[in-house]
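Top line first, the protein sequences correspond to chains V and U.
Following my numbering, the numbering of the first sequence begins with 1 at its first residue and continues without gaps.
Following my numbering, the numbering of the second sequence begins with 1 at its first residue and continues without gaps.
Hints may contain errors.
Okay, the calculated beta carbon distance ranges per label pair [as the list claims (entries may be wrong)]:
no.: 1; chain 1: U; residue 1: Ala147; chain 2: V; residue 2: Gly73; range: 38 to 44 Å
no.: 2; chain 1: V; residue 1: Val65; chain 2: U; residue 2: Ala147; range: 32 to 38 Å
no.: 3; chain 1: V; residue 1: Arg129; chain 2: U; residue 2: Pro126; range: 34 to 40 Å
no.: 4; chain 1: U; residue 1: Arg225; chain 2: V; residue 2: Gly73; range: 30 to 36 Å
no.: 5; chain 1: V; residue 1: Gly73; chain 2: U; residue 2: Gly279; range: 19 to 25 Å
no.: 6; chain 1: V; residue 1: Ser95; chain 2: U; residue 2: Thr264; range: 48 to 54 Å
no.: 7; chain 1: U; residue 1: Gly279; chain 2: V; residue 2: Val65; range: 29 to 35 Å
no.: 8; chain 1: V; residue 1: His104; chain 2: U; residue 2: Gly279; range: 26 to 32 Å
no.: 9; chain 1: V; residue 1: Lys91; chain 2: U; residue 2: Gln289; range: 47 to 53 Å
no.: 10; chain 1: V; residue 1: Glu111; chain 2: U; residue 2: Gly279; range: 20 to 26 Å
no.: 11; chain 1: U; residue 1: Gly75; chain 2: V; residue 2: His104; range: 52 to 58 Å
no.: 12; chain 1: V; residue 1: His157; chain 2: U; residue 2: Gln77; range: 41 to 47 Å
no.: 13; chain 1: U; residue 1: Thr264; chain 2: V; residue 2: His104; range: 30 to 36 Å
Because the hints were derived from the structure by calculation, they are not lab data.
Heads up, the beta-carbon is just placed ideally off N, CA and C, and yes, glycines get one too.
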Amino acid sequence: MRLKAILGFMLLVFFFGVGGIYIAVNNARVIDNLEKVLALHQMGFFRDNLLNRVRIMQADLYLAVSPHRTKIGDFVKHGEALALAGESCLKCHHSEATLERVTHLRQAIAEYLKKSSRVYMFSANNERRDKEEKNAFVSGMHILGEIDKLILLSSAHSSPQIAMARQQVVRMRNTLLGLVTIAPLIFLVFSFLFIRRFSSSLSVLVGATKKIKAGELTHTITEQLPDEFNVLATAFNEMAVSLKSQCEALVVEQGRYKVLFESADDAIFIVEGEGEGAGRIIEANKAAAAMHGYTVDELLALQIQDLDTAESAAQAPARLRQILAGGRVEALVEHRRKDGTVFPLEVRAGLLEIKGHKYVLAFDRDVTVRNQTEAALQRSGQLAMVGEMAAGLAHEIKNPLAGIKVSMEVLMNELALTPEDKEIFGRTVREVQRIESLLKNLLNYARTPKPVFSRTDLNRLLENAMGNAGLLLKSSEYAAANGKAPELVRSFDQDLPTIMADPSQMQQVVLNLLLNAMEATTEGGTISVGSRPGRAAGTVEVIITDTGKGLSEEAAARVFQPFYTTKPKGSGLGLAITRRLVEQHHGTIEVAGFLGQGTTFTITLPVEQKREDESQ
Amino acid sequence: MRLFFARDKSLLLLTALFLLLGAGCRDGQGVAPASKAPPPPPVAKIVLGLLPEMDIFVQKKRYEPIARYLSEKTGAQIELKILSRYGNILENFQQEELDGAFFGSFTGALAIKRLGVEPLARPEYPDGVSTYYGLLFARKEKGIKTAQDMKGKIFVFVDKATTAGWLLPLYFFRSKGIRDYQSWFKETYFSGTHEDAIQDVLTGKADLGAAKDLIFSRLARENPRITEELEILAVSPKVPANTLAVRHDLDPALKNALASSLLTMHQNAEGRRALAQFGASRFIATGVQDYAPVIEYAEGIGLDLATYDYRND
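Let the hints inform the model, and build the full structure from the sequences given.
Following this line, the structure appears as structure tokens:
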């Protein structure tokens, strides 16, 4: 395009230059012709002037002897003017023949002037005078005749020249008119073509730009544009493709961040940091909405202070100042849900600057459960410490207690006692035995032996435990204490894989749970024992369900705590030991149940144990 | 044309506006009017008469270089005025209010006597001659030698106010015993110029004639037939060549300027160029005493210059 534009410009300059030169040359030619015409006319004027001068002289001669004789001074002037007119004729360009005629004419004029002078100076008789006057007058007439001939001759020469000059002038005028008319037309046509070519390409580019601006990123220029515009169109298409891929990448990235934003467990807020709207919630994720009981849209209509309790809201300005100063805030605050309940939050917030505007980016974590867990752990630790102390104490008590029990048995056998005293001795020995049992359980809890893992068939283990339980259920003591024995139901998954476990400890766990179920299920009912693959891969589950008296909500929450028991003579260590044994197998135990609706314990155990644990 | 006129009119209006503004500005500035400069002295005009020695057109043209030179040197405007006849110069000198004239020897003597003009200078020709003399000539083929031979012939004079063209023939006639030349000759007439007298004899219009030698020699240089076909029969005494004489009451400063300009013109290139065109080598001072030969010559034929009627018959 640039090359074509330069070429076009040079062509225009060339045409205009040639046109200008042509006009200048023709103009010069016209001027020459006009000068020629002027010269011819001037020549005519000179001839007329010459004629007039001769006629004046003739008149002077005619009046020379009359009372109206021209004064000598004027006569001399007339003669000088005639001589000058004659000289003027010689100055014109003539052909050789004409020049010869003009030369002769000048000589004739000189002769005529002499004769005229003579007439004026002459003083003689009338005859001689008449003769001289006639002689001069005839000379004058002869000159007039010569001039007429010259006029005819010149006219014959000059008329075609004038006609030709006039024709050339007319032709030049027409040519100039044509040039003056055509040149702007050519210029206009060139300009129109150039502008149309330029503007149509620009229109295509502008149209494509508008479509891109409207979001039609797939739009490309398919038209074949001329020259550099095609290069520009290609670059434009490449730009559109690049823009599209960048937009897609941006969308993907934005989606990723959106997922991160929306799938975060923590509540995330972007809050206006400055101006009159400081504190207004700009963005909030779903976790924030769920955490506070609002919808996201409802949150976006609130100020962050609206979620604070009065105490937390009082500290909010100081935290905001700290954040705006570039600091980072980590604080525990309390928020109020839509339903009015208050819950604790751990807030981590910092400054976020977007295009010079300040926002607050806050991550809020609901620490209700954590607080509860920490409290439970604290209590569990305390209980563990108490257990340790109790175990130590039990160890120290166990031997003296054994001595007491043996001594009491010896005395009871060797002394002659009344039946009442014997009953007292017997009750004392049983209480000592109960203390020993309690101490044994306490030691088991405090010093749980490390499991010895081996490949264990869980179904078989369950079958053994149920066999032992069946024997107990058939005993007279059970029937005397609980009435009708419950039915034992099996539900084993036959494809259950063998697991790495300590069989004796697992036996203890299952048996403990079966004994609890048997105690809870009186006057019939069902105790179901099942096995199945766990919900998580690589795990198995053992489910023990009874249709007994069930658990209260509080009991369900505390059932695994040491020394918590619902039984009148329970030590409160059975389920605590059970959970400890399960946890030593890296498993979990959960309880579900409601009062009067039975209880279900679910034990989840990994199929494999860690190497170091297996080696223990 | 209308456009041109409109443009012209606009130009005029603009010019007028500028002039008005300029005038306004000057008035506004309160500049005191400049003191009136003394008007420049009027350019003196000197009218000099020329005698028709030859073809009057040629005669005037011949003196024009001298007139231009004098105009430049004196600062006066020199105007040449051809006089129709020799004799008329005395009347014309007063009627035409001439300030001076290049007088011939006889007219000069007459003017000195009657008008009191003061001769200033006269030309000296390349051969060192500043005088001339009259010639009486006839065609050789006519064989005219004596007064008797002249009887019944045609005689052409120049003018009754010329030395060569009138005094010499009269002196010759008197010396040859011709008392009444008009009856002696078949016809006499006045050609008016020396040149025409010579040409008339040469062409046969007249049998005898008289003219000054200077013109005779000049024409003879151009036309050898003059010396070949004409024979000199008598010669007059030498008289001063045509001399510039001015009226006696002319501004002395101008008079001196004219005289000094003429007398020194051969000393500068411009003057020499004018002299060459005129045909002279320089001008020499001329006084009344230089006219003594003419006066004596006239008195010799019985003419009283104070009362002499110089008009041609």
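Going through the hints against the structure:
| no. | hint | result |
| --- | --- | --- |
| 1 | U:Ala147 with V:Gly73: 38 to 44 Å | holds, 41 Å |
| 2 | V:Val65 with U:Ala147: 32 to 38 Å | holds, 34 Å |
| 3 | V:Arg129 with U:Pro126: 34 to 40 Å | holds, 38 Å |
| 4 | U:Arg225 with V:Gly73: 30 to 36 Å | holds, 34 Å |
| 5 | V:Gly73 with U:Gly279: 19 to 25 Å | holds, 24 Å |
| 6 | V:Ser95 with U:Thr264: 48 to 54 Å | holds, 50 Å |
| 7 | U:Gly279 with V:Val65: 29 to 35 Å | holds, 33 Å |
| 8 | V:His104 with U:Gly279: 26 to 32 Å | holds, 27 Å |
| 9 | V:Lys91 with U:Gln289: 47 to 53 Å | holds, 50 Å |
| 10 | V:Glu111 with U:Gly279: 20 to 26 Å | holds, 22 Å |
| 11 | U:Gly75 with V:His104: 52 to 58 Å | violated, 44 Å |
| 12 | V:His157 with U:Gln77: 41 to 47 Å | holds, 44 Å |
| 13 | U:Thr264 with V:His104: 30 to 36 Å | violated, 44 Å |
Hints 11 and 13 from the earlier list are contradicted by this structure; the remaining hints agree with it.
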